[in-house]
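There are 2 protein chains.
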Amino acid sequence: MTRAELVNIIKQKQSFLCVGLDTDIEKLPEGLPKTVEGVIAFNKAIIEATHDLAAAYKINTAFYECLGVEGWKAMEETLKLIPADCFTIADAKRGDIGNTSKMYARAFLKNMDYHSITVAPYMGEDSVKPFMEYDDKWVILLALTSNAGSLDFQFLESDSKPLFNHVLEKSSQWGTPENLMYVVGATRGEMIGEVRKIVPDHFFLVPGVGKQGGSLEDVVNYGFNDDCGLLVNSSRGIIYASKGTDFAEKAREAAQELQKDMQKCLIDRNFR
Amino acid sequence: MTRAELVNIIKQKQSFLCVGLDTDIEKLPEGLPKTVEGVIAFNKAIIEATHDLAAAYKINTAFYECLGVEGWKAMEETLKLIPADCFTIADAKRGDIGNTSKMYARAFLKNMDYHSITVAPYMGEDSVKPFMEYDDKWVILLALTSNAGSLDFQFLESDSKPLFNHVLEKSSQWGTPENLMYVVGATRGEMIGEVRKIVPDHFFLVPGVGKQGGSLEDVVNYGFNDDCGLLVNSSRGIIYASKGTDFAEKAREAAQELQKDMQKCLIDRNFR
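Each protein sequence line maps, in turn, to chains A and D.
Numbering follows this note's numbering, in which position 206 of the first sequence is assigned residue number 206; successive positions increment by one, without gaps.
Each position in the second sequence, counted from 1, maps to that position plus 1000 in this note's numbering.
Do not take every clue at face value.
According to the in silico footprint, chain A covers these stretches of chain D (three or more CB under 8 Å from chain A) [unchecked claim]:
(1) 1001 to 1009
(2) 1055 to 1066
(3) 1110 to 1121
(4) 1145 to 1154
(5) 1161 to 1169
(6) 1257 to 1264
Because the hints were derived from the structure by calculation, they are not lab data.
We treat Cβ as the ideally placed atom computed from N, Cα and C, and that holds for glycine.
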């Protein structure tokens, strides 16, 4: 998917919502079997209930890998259930030496045909660039994450700049705003503003709104750019909105609430 | 596998060789079909030809994921072919927020029952610790990698210490030498000495000997400790030693050459 196509989806749906399919087999709602078939049925119901409100879906590979071969199959089947007018993200946090990253890129961006994959930056340029070799596919590089452990290394200062700043500056030379996004945590809105100054044009995938904390208003105030430039993820807040048989309906309500807030932000900025 | 068991294997086999099963379906030798069955048959032959010479096997998940569901199955089957007297490594470079790392840990260390998994440090403590929750299982954390991209961030200095040094100091408080190893590249032997000063007791998984360059003698001179403390990996140099039908025989010869060099190092240090 090209940037223009993604921007168009955001305009059409008046939403920059990403729904995170971190589907935990143990947390499937009432009425669904705790099996791989249950996982697929759950994802199908969630996608059907939310796809007109979501610009993107993020599939967290860990939740499928922990189900083994059948889990991997469930991931592939889930991906196929996502309509064409949604951007797809393999939230896989991969990254290795060049010949290995090349294989991961082939797995996710070519064979499975995801639009994008999250990648960890620690191993540097040759671990990231193989993911940029496919047309209209995206790397979403970890820059500033929203978890407690982000404080361990991402803020270490070198030449008066924190590590995440170096990651942004250096990696923005490896790709372009047409094939490279960043994971930027929302736990503190002003940090998104700091990141926005360094990479004004790139899209950000923002976790940490909803259950992980972080306010949508702050994210937009600090992160919005001319092309919106934001995909804001919510996983648990949507997919586990209800533990009952009304889970899909409640997921839609939760997604709609976020979409409405997003629409307000977009209208305020005359983004249509 | 406990540290004592691993050390015992190294003493018994007089080898700290790790054979890397980075099996590329496109590079299968003459006589094997370029299919998933071919990959399994190849791995089986390599394991049978080398297991008495190898202390460990490292399965590079990327090479299996790029074959889809059937590839994941081939990975699981390959793991089951590895004899009990070999340490097993999922070279998966995973790492995510706590609830997600927990799922990866379950996938690799519990369900598949690998002895260890490689983990990327960028997201900090809560992304690493869930992998330490299983008894006698190991995290192998990226510290100093052997690829060109290692220069991008790993050497950035903060408080007069490079990033990899901070990773070592901080992470060594999260685990112990009984459940935490480090990936330490061998492209420059003296760097292994620098790392050894910071973490004197931990095992290192050393890539980069063989095709990636790096001398075994340097690795041992700089990295050896009282428990050996080293697993030295060779992938392509062993598994692709021949493209012909004699591939297993040639793989054994290549492994034996490395094992003999290792044995000499161990005898010199009276490690029996």
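Each hint tested on the structure:
no.	hint	result
1	1001 to 1009	violated (count 0)
2	1055 to 1066	holds (count 5)
3	1110 to 1121	holds (count 4)
4	1145 to 1154	holds (count 10)
5	1161 to 1169	holds (count 3)
6	1257 to 1264	violated (count 0)
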